Amino acid sequence: MPQKTKMTLKEIKELLQAEVISGIDCLDMEIKFAGGSDLMSDVLAFGKPGILLLTGLSNAQSVRTANIIDAKAIVYVRGKKPDKTGIELAREKRIPLLLTKYMMYTACGLLFSHGLPGVSGLSPKKR
Amino acid sequence: MMSDENKLSHQFEITGGDFSNGGRTSTSIKEILQEIGIDHSVIVRAAIASYEAEMNVVMYAHRGVLTLNITPEKLHFKLEDEGPGIENVDLAMEKGFSTATEEMREMGFGAGMGLPNIKKNADKFEISSIPGKGTSLEITICLDKTEKK
Numbered sequence: 001m002p003q004k005t006k007m008t009l010k011e012i013k014e015l016l017q018a019e020v021i022s023g024i025d026c027l028d029m030e031i032k033f034a035g036g037s038d039l040m041s042d043v044l045a046f047g048k049p050g051i052l053l054l055t056g057l058s059n060a061q062s063v064r065t066a067n068i069i070d071a072k073a074i075v076y077v078r079g080k081k082p083d084k085t086g087i088e089l090a091r092e093k094r095i096p097l098l099l100t101k102y103m104m105y106t107a108c109g110l111l112f113s114h115g116l117p118g119v120s121g122l123s124p125k126k127r
Numbered sequence: 001m002m003s004d005e006n007k008l009s010h011q012f013e014i015t016g017g018d019f020s021n022g023g024r025t026s027t028s029i030k031e032i033l034q035e036i037g038i039d040h041s042v043i044v045r046a047a048i049a050s051y052e053a054e055m056n057v058v059m060y061a062h063r064g065v066l067t068l069n070i071t072p073e074k075l076h077f078k079l080e081d082e083g084p085g086i087e088n089v090d091l092a093m094e095k096g097f098s099t100a101t102e103e104m105r106e107m108g109f110g111a112g113m114g115l116p117n118i119k120k121n122a123d124k125f126e127i128s129s130i131p132g133k134g135t136s137l138e139i140t141i142c143l144d145k146t147e148k149k
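Protein chains in written order, with my numbering: chain G, 1 to 127; chain P, 1 to 149.
Misleading hints may appear alongside valid ones.
[What the hints assert, rightly or not] Straight-line Cα separation of at most 25 Å, DSS-like style, residue types lysine-lysine; simulated pairs:
| id | chain 1 | residue 1 | chain 2 | residue 2 |
| --- | --- | --- | --- | --- |
| 1 | P | K95 | G | K48 |
| 2 | G | K48 | P | K119 |
| 3 | G | K48 | P | K120 |
| 4 | P | K133 | G | K48 |
[To be verified] Distance ranges between label pairs, derived from CB positions:
| id | chain 1 | residue 1 | chain 2 | residue 2 | range |
| --- | --- | --- | --- | --- | --- |
| 5 | P | G37 | G | I24 | 23 to 33 Å |
| 6 | P | V89 | G | I24 | 42 to 52 Å |
| 7 | P | Q34 | G | K48 | 26 to 36 Å |
| 8 | G | T8 | P | E87 | 43 to 53 Å |
By construction, these hints were calculated from the structure, which means they are not laboratory data.
As the structure is a prediction and not an experimental result, all values here were calculated from the model.
Every residue gets a Cβ at the ideal spot worked out from N, C-alpha and C, and that includes glycine.
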C-alpha cells in the first residue's frame, strides 16, 4: 500500500470514487491532513486551517464553516448533496466540493490508510 | 461603516431563527479583516469567535446587533441580543452543556462548544446575561504582538 503524507485532490477523488461538485480546476491542490465530523461546532473547535473536511452535513453551514476555518476542500460523505446556497458560496470562495457515496468511517479510513494524517498529525506511519 | 483616523467600526444585525443566513455576518467580517490585511492567524480566530457568537443569536435569540471596532491595537466585538438570556452562565460555559433543539443539531450546531470556543479564541472574553431579556458578549482579540495569545 502506498504510504504518503499528503495527497492531491485528484488522488482523493479517485480513492473515494468521488464526484466533483465544484472546483474541477483545483484538483492539483495538495491536501496535508483531514478531519471528519457532521458537527460544525466540533469542526470550529478542532479544525485547523488547511484541513480537508469530510462531512455528512449538506446545508450551507458546512461551506460557511469551512470558509471560516480556512479549510481547503470539503468531501460530502454518504452521498449527501450540498444545497444550492452552499455550492454558490463554495464557488465564490473557491472551496472545492467532492461527493462520495462511502460512509464517513469508510471514507476517512480509506484516506488514513493511504497515508493522509488526521488533524492531530497522527498518521499510519507514526503509529 | 464608520471610521476615523485610528478606528474602523462596522455594525451588523442578526436575525434569530434565520438558519439559512446564519454565518453570513461572520463571512463578511472575515472578508473585511482580509481586505485590511490583518494577520492570517488572527483572522481565523476572529472569524471562529464571531461565527460561534452569531450562531448563538440565530439559535437562541430574537435578534442581535454585532458591533466590530478595529483599532491598530485590537479587534473588539460587542454582541447584544434580545432573547431568553442564559439562566446559568457558568453552566453554559462548560464544554458539552447545551440546550439546543433537534433543529439546531441538524444544522450542525448545539454541541455545547460555542461559548468555550469563543473564550479559547479570544484574548479577553466577557459575558453577561439577564434571563428573559438577553445576553451581551464582548470579545477582544489583540493585534499587538506582545499581547497576543
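Results for each hint:
no.	hint	verdict
1	P:K95 to G:K48	19 Å, holds
2	G:K48 to P:K119	17 Å, holds
3	G:K48 to P:K120	14 Å, holds
4	P:K133 to G:K48	36 Å, violated
5	P:G37 to G:I24: 23 to 33 Å	31 Å, holds
6	P:V89 to G:I24: 42 to 52 Å	48 Å, holds
7	P:Q34 to G:K48: 26 to 36 Å	18 Å, violated
8	G:T8 to P:E87: 43 to 53 Å	50 Å, holds
Comparing the model with each earlier hint shows violations of hints 4, 7; every other hint is respected.
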